[in-house]
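K.L.:
Protein chains in written order, with our numbering: chain A, 1 to 508; chain B, 509 to 706.
Keep in mind the hints are simulated off the structure, nothing from the lab.
Certain hints may be false.
[What the hints assert, rightly or not] Cβ-to-Cβ under 10 angstroms is the rule here; a few derived chain B residues that face chain A:
1. Ala-514
2. Thr-528
3. Tyr-531
4. Lys-542
5. Gln-550
6. Leu-556
7. Tyr-557
8. Gly-565
9. Val-668
10. Ala-679
11. Leu-696
Every residue gets a Cβ at the ideal spot worked out from N, C-alpha and C, and that includes glycine.
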Amino acid sequence: MTPEIAFLPGWLVQHAPPLLVVTPLIAGVIAAVLPSARASWGIVLAITFFAAAMASFIAMQVMEVGVWSYALGSWAPPLGIEYRIDGLNAGMLLLVAVIGFLCAIYAPASVEAEVAPENRSAFYGAFLICFAGLLGVAITGDAFNVFVFLEISSISTYALVAMGAGRDRRALTASYNYLIMGTIGATFFVIGVGFLYMATGTLNMADIADRLQGLEGDRTVQAGFAFIVVGLGLKLAMYPLHSWLPNAYSYAPTLVTAFLAATATKVAFYTLIRFVFGVFDPGFGFAGLSMIWLIAPLAAAGMVVASFQAVFQSDVRRLFAYSSVAQVGYMLLGVGLGTAAGMSASFLHLFNHALMKGTVFLALGAMWLGFGVTRITDLRGMGRTMPYTSAAFVIGGLSLVGVPGTAGFVSKWALLVACLDRGWWWAVLALGAASVLAFFYVGRVLEMMYLREPPQHDGHAVTRSPAPLAALAPMWILAAANLVFGIWADIPVRLANAAAAAVLGSAP
Amino acid sequence: MVEFFAERFNYAVVIILMMTGLYVVFSSSNLVKKLVGLSVFQTSVFLLYISVGKVAGGRPPIVEPPHHGEGEAVTGAAAATAEAGHGAETEALVGAEPSHGAEAAHGADAAHGLAPTAPAPAPAGFGGDIPAPDHMTPDGVLDAVYSNPLPHVLILTAIVVGVATLAVGLALVVRIRETYGGIEEDELHQGDLGAERA
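With the hints as constraints, model all of the structure from the sequences given.
P.N.:
Here is the structure:
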């Protein structure tokens, strides 16, 4: 590993992987104890920017040189903890760091309106710790380390969700249920890791994968697999384990919803892929079979059922929360195919979904800030009262439906082609049905926003009230990304192919 | 039959605790009781890991200074012969430090932690890539048998995670009680429905 970036100091380049995780973790503690919320926000902004820069540097490095393995404390990998970045998680790190930075720009607008003054510093601290945890899950090559980082991010997420209590007290119960489900998920995961450790005597993921060769029929390994899939399924809101998600997304502060929707479930999804394909490879009989007979049908069912539920929601954020469950179904379907094309489509959809849901939830956040709206009927005439925000929302919504020219189309198309290649007609039907339902639920919101008159107040229409620039800028960056990656899909497709190659390449 | 269960006593306890915990989480409508169930569930996992780390006849994994080594060789003799074949295959220590090497060797034993007799030779997967630990004599005989320390370390971390979860959970329950005036699930539900209508 000889990185050659001249403008960065040597130590920074050499120790980039751990610094990416440790810096936000330490800064989170500092941000939490600072008396001034403004100063805490300054730290959040600086650190997330630093992380985004480091993640892009690491991603470029991995694209050029190949796998970057960093031994923590110089303990050589199979025994020591290894940070291992390949084509798969380089993209994840970049995604989490960039979305984190964009959310940090939007943060003060949301926090000042939704979080009690005495909690603001703590909120920023929890945000950074959650950010660090997600990066840690994505970067580490050690199975137990995944659990620890998963819980670092989850526990801070519970706190973040509960901070929405100032606006709606149901945030507290939503957070509590999320805590129960999330902890059961994490504990299942750690039981699974324990079984793997019993069978192989190691915790390094690459090492476990090596030693699992020849243990196909082993009951311990199979039990471990089952526990890991269910545990991570809870974390990533795999249908029917998604019951915590709609409430958590509806009542959390708007910033938290946007951040979680774009990153947290994605990282859990990445971890599932890493375990199923990187540790138990799909050719491994039962793992491949469970993909085809369990994951893919559940994914298809989730796509249709959750989309259907979304159509009938009256709370707009809850509507898009159900839509998120459906979109997780799309990603899982791609994985369930078990082919390189399916895997690549799945990752493409993961990136694109982060972009569209980021846009949608940031736009909804800005609308809440402007008018305090949460119900779909409250959005009447929003196209006239908040034109820029609504336009961004339209782009995100169309991308969600999969209209040609948006990022959503590219990934749905790739998924469709992958399903046809495999000859799975039922999957194509489910994709079609879910897309039609998406058209209805997005269309319902758009109709409210553009075809209805704004509500009257004392006889005149409510005046225009554009969102603050801090909310518009990140929203429009994401919306623009939806359009750019819808037309020039080159970069995300390359990233997704690299990810798919990294996943399937590790399988013999 | 009795022997079968007696040998797996730890695991039976683990399963009972695990199921009890999960059952309480799902069946109880009291938020604090749910958290208690969650804790029991997590504790069962700690026990599972610790049971895995136990090596029959193993001592605490502390590497003794060389002059104590002589006496230990006698007590560990039975195990040592069993391990001899394995030890002979392994290569010389490649730059790893003592405690590190010790973990590696006993990682192999983890799979056999339950066996009532001395640990069987390591499985075939444990080939020559494990460096010989320091407490082996040059002819590849183990001085002593140690318990696997790694699960203990992992569980220390998991306990911290569990405590943090419980703390956040209890803090949430306190806030819920302040806001809703109760900690029974159906009361909360009624409260929210009332708020919705108002």
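K.L.:
Indicate, hint by hint, whether the structure satisfies it.
P.N.:
Comparing the hints with the structure gives:
1. Ala-514: This interface hint is violated because 20 angstroms lies over the 10 angstroms limit.
2. Thr-528: violated (14 angstroms)
3. Tyr-531: violated (12 angstroms)
4. Lys-542: Interface hint status for Lys-542 of chain B: holds (6 angstroms vs cutoff 10 angstroms).
5. Gln-550: holds (6 angstroms)
6. Leu-556: This interface hint holds because 6 angstroms falls under the 10 angstroms limit.
7. Tyr-557: With a minimum Cβ separation of about 5 angstroms from chain A (threshold 10 angstroms), the hint on Tyr-557 of chain B holds.
8. Gly-565: violated (18 angstroms)
9. Val-668: holds (9 angstroms)
10. Ala-679: holds (8 angstroms)
11. Leu-696: This interface hint holds because 6 angstroms falls under the 10 angstroms limit.
Checked against the numbered hints given earlier, this structure breaks hints 1, 2, 3 and 8; the rest are met.
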